[in-house]
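Its first residue numbered 1, the sequence shown is counted upward by one per residue in UniProt numbering.
A few of these clues could be false.
What the hints assert, rightly or not - Straight-line Cα separation of at most 20 angstroms, SDA-like style, residue types lysine to any residue; simulated pairs:
#, residue 1, residue 2
1, 598, 293
2, 71, 49
3, 228, 155
4, 178, 214
5, 575, 445
6, 598, 527
7, 575, 449
8, 60, 400
9, 60, 391
10, 426, 10
11, 469, 458
12, 603, 290
13, 425, 486
14, 165, 255
15, 484, 557
16, 426, 497
17, 260, 159
18, 59, 47
19, 468, 440
20, 175, 219
21, 205, 153
22, 59, 403
23, 134, 144
Bear in mind the hints are in silico, worked out from the structure with no lab data behind them.
Here the structure is a predicted model, which is why all the values come from computation and not from measurement.
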Amino acid sequence: MSTENKIEMIRGGQFIVKETNPSEVFTPEDFSDEQKMMRDSVEEFVDKEIVPHKERFEKKDYALTEEVMRKAGEMGFLGIAVPEEYDGLGMGFVSTMLVCDYISGATGSIATAFGAHTGIGTMPITLYGTEEQKKKYVPKLATGEWFGAYCLTEPGAGSDANSGKTKAELTADGKHYKINGQKMWISNAGFCNVFVVFARLEDDKNITGFIVENDPSNGISMGEEEHKLGIHSSSTRQVFFNDCLVPVENMLAGRGEGFKIAMNALNVGRIKLAAACLDAQRRVITLATNYANEREQFKTPIAKFGAIRKKLAEMATNAYVGESASYRAAKDIENRIHLRQEEGATFAEAELKGVEEFAIECSILKVAVSEDMQNCSDEGIQIYGGMGFSADAPMEAAWRDARISRIYEGTNEINRMLAVGMLVKKAMKGHVNLLEPAMAVGNELTSIPSFDTPDFSEPLSEEMDMIKKLKKVFLMVAGSAVQKFGTELEQNQQLLLAASDILIEIYMAESAILRTQKNIARTSVEEQKEQIAMSQLYLYSAVKIIQNRAEEGISSFAEGDEQRMMLMGLKRFTKYINLPNIIELRNVVADKVTGENKYPFTKA
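Using the sequences plus the hints, can you model the full thing?
Here is the structure:
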């Protein structure tokens, strides 16, 4: 098979118009021995260095965060994604996801410090820096000798990142840029050694990136630590630049390239943020299960009550689905990076293009997994009851820490609109063929439906058939919306949000089903009984969400006969032939979770 065909097979966003074979997806059960060893060492590190000090993190012990980060650097965890020539471990994208996943689960303070340093603090220099810049800064950042921070957001520039007012002006001797401005919400500001700062030169359309060493004698000052709802020991400050002189050789990439750097950094940040919410869910589920098994009411452990079992089953299901989708996308990105390198691209070029290709999936994951984490911690509080509301129990901090995940790396509203917007742009460029499948669905709406009874004897075959039908729902709604509004679709934000929820649910549900099918093939139906139940359970909920969001979309842009025809199509495309027994499925999952007294679906 030619490289060209391989690339064509795995383009970002194509999942919506293509069938994926279970053997083609990567799952957590596919981790190599090396990856399992890395996972175990990160887990051991967290259980030793973070978990025993949870109380100190909640009491704003910033020095402890710095200390743990330094130890993480000594262990090599900060340099997983950094090439070996810059003192990193040079591991693949899946391994970088794995480390981010397991180091982030115990407290949001370390999750944020780790993500800000390894992602937006180190990565822009690794991927966009000159050879001199990389040699000077990246080894120190990879080993934890230095820490990095990222200065993009300003009081008037949040989601509209390119509207920043911070200025950079070339000095008369042409040797420095003089930076003036104010940045806010800067993670790691209190202990960082180097900033990636975005500023505007003259009246340039786009901002420019600079590498700025943190030297208070060079016009850099900071506000006090911010008082935040959660992530209490994550250092977050305003940073002020007052005639700060930066050598001209510290410009990052070229003039006006800053917006591109910022956007690509966010793509990587989004999928890593999804990873950072995974072990947090596992830990919350395990704690909630422990409590439910121990807490007795009416002389019975509350884990025996149906209302609690429902919660545990759905929490576990969402965690399983999040893992499935996150590692599926991570491996697709890794494969894309390898293909680019085989074609002669540098590490930096390959990494940037690999992640950019799957920017749609990165946005989908950021939204879905951050919201699942929030719901998981919320239900964790509920299972603990009154105790859950107490700061003495672990759920209160988990809930507060989870809340920021829906805001940073682009709010979930922005990411929802981006996912559909990027897909439409890809279709316009011919990278994803949406038009023909959408037209085929339009023709199907006017044809007589088949009344044959399909053969659903294979495990999850009805579920895969439902996924095919749900893709038709998306094509029907999004295709009609594009026809109706064209380039003005971006102005119809509520319609984009509805279409995005359909897209998100399809990707997440399909990922879980594919993972389970792959594992059935290498084990057995009996061994995958609970995973089958979770795949069916999630799909059932996804169908309900898709029905609701599609109806909302159809009612907003179609009327008369067109509306009636689309609503009939919606009914046809969301109809089960064999409706699953939802309560029984939940009980299957709850039995496994409560029986093992933990989240039991990842470790091998």
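(message) Tell me the numbers of any earlier hints that the structure contravenes, in ascending order.
(response) Checked against the structure, no hint fails, so every one of them is satisfied.
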